[in-house]
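From first to last, the protein sequence lines stand for chains A and B. Okay, so the first sequence: first residue is 2 according to my numbering, each after it adds one. Okay, so the second sequence: first residue is 14 according to my numbering, each after it adds one.
Be careful, since some hints might not be right.
Claimed, not checked - Taking lysine-lysine pairs in the DSSO-like style, the calculated list, with each CA pair at most 30 Å apart, reads:
1) K53(A) with K148(B)
2) K95(A) with K53(A)
3) K95(A) with K52(B)
Stated by the list, open to error - Partial selection, computed: residues in chain A whose CB lies under 8 Å from chain B:
4) L12
5) A14
6) A54
7) L129
8) E165
9) L170
10) L266
Hints were generated in silico from the structure; no laboratory data involved. Since we're looking at a predicted model, the values are computed, not measured. No residue lacks a Cβ here, since even glycine has one placed at the ideal position from N, Cα and C.
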Amino acid sequence: MLRVEYAYWLLAAFFALAAAINLRQSRRTAGAFWSVLAVLFAGGDWALAAGKAGNHLPAQIAGVGVLLLAVIAPQMKREHLAERDEAERQASAKRLGHRLFLPALLIPLVTVLVVMLKTYAPASIAWLIGDASATLIGLTLACVLAGFAAIAVTRCPAATPAIEGRRLLDTLGWAALLPQLLAGLGGVFAATGVGDEVASLISQVIPTDSRLACVLAYGLGMVIFTMIMGNAFAAFPIMTAGIGLPLLVHQHGAHAAVLGAIGMLTGYCGTLLTPMAANFNIVPAALLELDDPNGVIRAQIPTALSLLLVNLFLMYWLAFR
Amino acid sequence: MNYWPLLGVMVVVIGFVLRWNPVAVVVAAGLTSGLAAGKPLPDLLALIGESFLSQRSLSLFMLTLPVIGVLEWAGLREQARRFIGGFRGLTLARLLIGYLGLRQLLSMIGLTNVAGHAQTVRPLIAPMSEAAVEKVSGALSRSQRQRVLALAAATDNVGLFFGEDVFIALGAVLLIQGFLAENGLHFEPMQIALWALPTAIAAFAIHAVRIWLFQRRLLAEPASAQETERAAR
């Protein structure tokens, strides 16, 4: 049976290869960064299991590893790494034609197939994935299968996946790690009570007998808190418990389903605006090799602000019919 | 209530405004919040380590990189360009608005993982967008090219965010339903998802208009500037 840990070990191996290639080219900071990460991913499950069993030393070492990453990251340079010659790529594209799309499309198709099977026919796939997350196992399986398909279609040398994968990994640099780090920060914030403090502060400063003020506080609170946490899911329970339910639903009689649905979507407007939502905003800027790390956010500002207005209006109009 | 852990939020805001390295800012924010909450250093290190390790699934997308890398080596982006070049009537606006609608519809039926920045935007949609403009305008300048790519990534985000909330069996709706139920307000997921529909439609309309305006502005920019920058490249 497949376990998600296998995927993390596979990633650890990828990081280790990337580190080795960097170190051989005397790119020491990048080499050190991916080495630390390889160790963190290889030993992650063991550290979490030890923590559950009461031994916190491995988790503390992992914590030191994270601090180390933070020290190394500012010294990493993002640069365009040499690629295969354009003429050769053109010739290869002409030779292989649309067959090149096949492995690329295999990634989403296999992922979705596994997710659908798990959702609609769980018994058919239980032998393969058990209780593990279908999305994660599906994505991992898809990448492995698509990898073999890509090698078969392109007939590339055996080292090419590692070399080209490392090229993209170093193109991303530290940005690749931001989504995981930010989600981890969410965990630290939750453990130190940051969310409750924000909700308590906001409910102290707004005039609660004005319906409009409450809608504005809830909507803008969702946006701002989403921007800080980088995630509307983290902001939703806090803002709704702090403002949405006590003030809008109980005091002003708002329809809770409307408020919840539109409140969450108002938070999404914040997601479009913040570098904290790194997987949506910073990673693609790095993947597309934009000069401005906030280039994607800049392209989203007008859409996000217009939608925010629409959402505030919809909330005020639909929740109090 | 102890308000000192909010210092961690301050660190995040200041760090991003001053454009310090985000990895360092995030870790510093965690340290600040933990210390301000009065956690002893060994506990705090364990908390940081465990919080980081339990979110490894967010880094799983990096497994796509070797596959995409091999395909790029074999000319995937060039092939995507040639493919788009073959369609006469396909403009940037039609391509991106079509992608926006498709992404929203797929997300609405729960297929959020079908597309994404690593899976579809970098290898397919970005080169296709470039090709769709260059067919009409000739070669793009560096800054024009970057704006086209940024818009392609933005379109993927808008399509994903404002489609998935309409799907009943997915994270957002279930989170809303679960949270309200915990507080004694019981709804069927469908009753919640329905109210996401007006915003979904507004998102499509607003972003589609923006894509169309973007194309019009881009094509109106003087060609001479493009030529000189092309020579410089």
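Hint numbers contradicted by this structure:
1, 2, 3, 5, 6, 7
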